[in-house]
Amino acid sequence: MKAINTRRLIRSGLASLGILLLLAPHAAAATDDDLDQLIDPNQAQGTGQVVLDAGHVDMGPTLNTGEWRLQIHDDTSEPRYWRNLEDVVLKVSDQSILEVPDNPSFSFLGITPGKQVWVIPQVERNGVIWAGWNTQEPGVLSSVSGGVTLRMLDVEGPGDVTVYLQGGNFSEPKPLWTTREQLPQDVWIELNTHTHANWVFDAPGVYFINFEASATLTDGTQAVSTDVLRIAVGNDTDPQTAFGPVEQTGTSPQPSASSVEGNAEQPDQTRNASNDATTQNNPLTESIIWIVAGVVVVVLIISGTLISLSNRKVNQAALERALAAQDSAVPSKATEERKSES
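Here the sequence shown stands for residues -29 to -1, 1 to 313, numbered as in mature numbering (1 follows the signal peptide of the UniProt record, and there is no 0).
You can trust all of the hints, since none of them are fake.
Label-pair ranges, simulated between beta-carbon atoms: (1) G191 - P72: 42 to 50 Å; (2) D157 - Q87: 29 to 37 Å; (3) G118 - F214: 30 to 38 Å; (4) G37 - K86: 41 to 49 Å; (5) D11 - Q87: 34 to 42 Å; (6) T187 - G98: 34 to 42 Å; (7) F79 - D11: 35 to 43 Å; (8) G37 - S78: 40 to 48 Å.
Derived from the structure by calculation, the hints contain no laboratory data.
These figures come from a predicted structure and were not determined experimentally.
We put the CB at the ideal spot given by N, CA and C, even for glycine.
Whenever a hint applies, use it, and build me the whole structure from the sequences.
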C-alpha cells in the first residue's frame, strides 16, 4: 500500500510547480485556497445522468445516504451535489492534450517523449475537467477511525491510465496508480484530505475504472464500497456510451456494492446491506442448499419405494385371503358325488 502525505505533496507542488509545467505549460497557478473546502452536511443528492466536461469534481466515500459508498462531489455549478458514480461520465476533451516531455523523470509513464496524451491536470485548467478525491464528507469525518484506503481494482479501456502526484522544488513525480503494473494498487488517504493529481490517458475512448474505498469506523466495523468511475476521453468519444451496465468480461469492473461488517450494533440499514452482500453469490451457501435438496429428494424416493412395497404386500395378502374364502365356499367334487350316491 502506498502511504502518501498527499497534502504535503500538493502544497509543495503549488508552491513550486517545477517539472509539472513541462507537462502542463498552460496550467493556471492554483493556491491553497483552491484545495480548502468545507462540505455541507446537508448537501443534496443529485439525480439523473450528467456529463461533466469542465470544472471541479471529487470522488470520495460518503455516509450521508445511510450507507458507506463511493460518490462524486459535483462542484461544477451551484448548488453542489453528491452523485452516484453510475450517473456521471467525466468528459476529457482534446483541450487537455499535452506532449510527454523528454525528461527521464517521466519514464514511469512508459510513453515515448513527444507523444500526445490526454491529461486531467493536477492544477486546474480552463475548459478541462478537474477531478480529484476527498475524505471530507461530514459523516465520514465523524465516523472513520484513521483514514481511508482507495484501491484501484482494475481498468477497462483502449489504453493505459497513470495517476501521479507532482511535488514542488523539482522533486520527482510520485505514481499512485498505473495500469502498466499489476492491479490492484492501494493508496492510503488521511481524513479531511482533498487531493488532485494528474490522470494521464495514452489513447482516446471510454475508460471504466473500478475503485474500492475501505475504512475502519470508530465502532470497529469495516466499511467497504466499490464502484466504477466512467471517463470518456477525446472529442470524438461519445460519453453516452459510457452509461449503463458494465459488461463483466475478463477483468472488467464489477458492479457497485457497499457493505459494513463486523459489529452487531451497526445501523439496520447498513447491516442489511452487509447481509445482502454476504449472502449473495456465496458458494458455500449454494453448496449446502444443493446438498440438502439432494438429501430430501433421496429420502422422498426411498419413502415412496417403501410405501409402494408395503402397499403391494397388503394387496397381496388381501388377495390371498379372498381366494381362500372363495375356495372354502365352493363344495369339492368328491363331496358332491357322495351326496348324489346317497
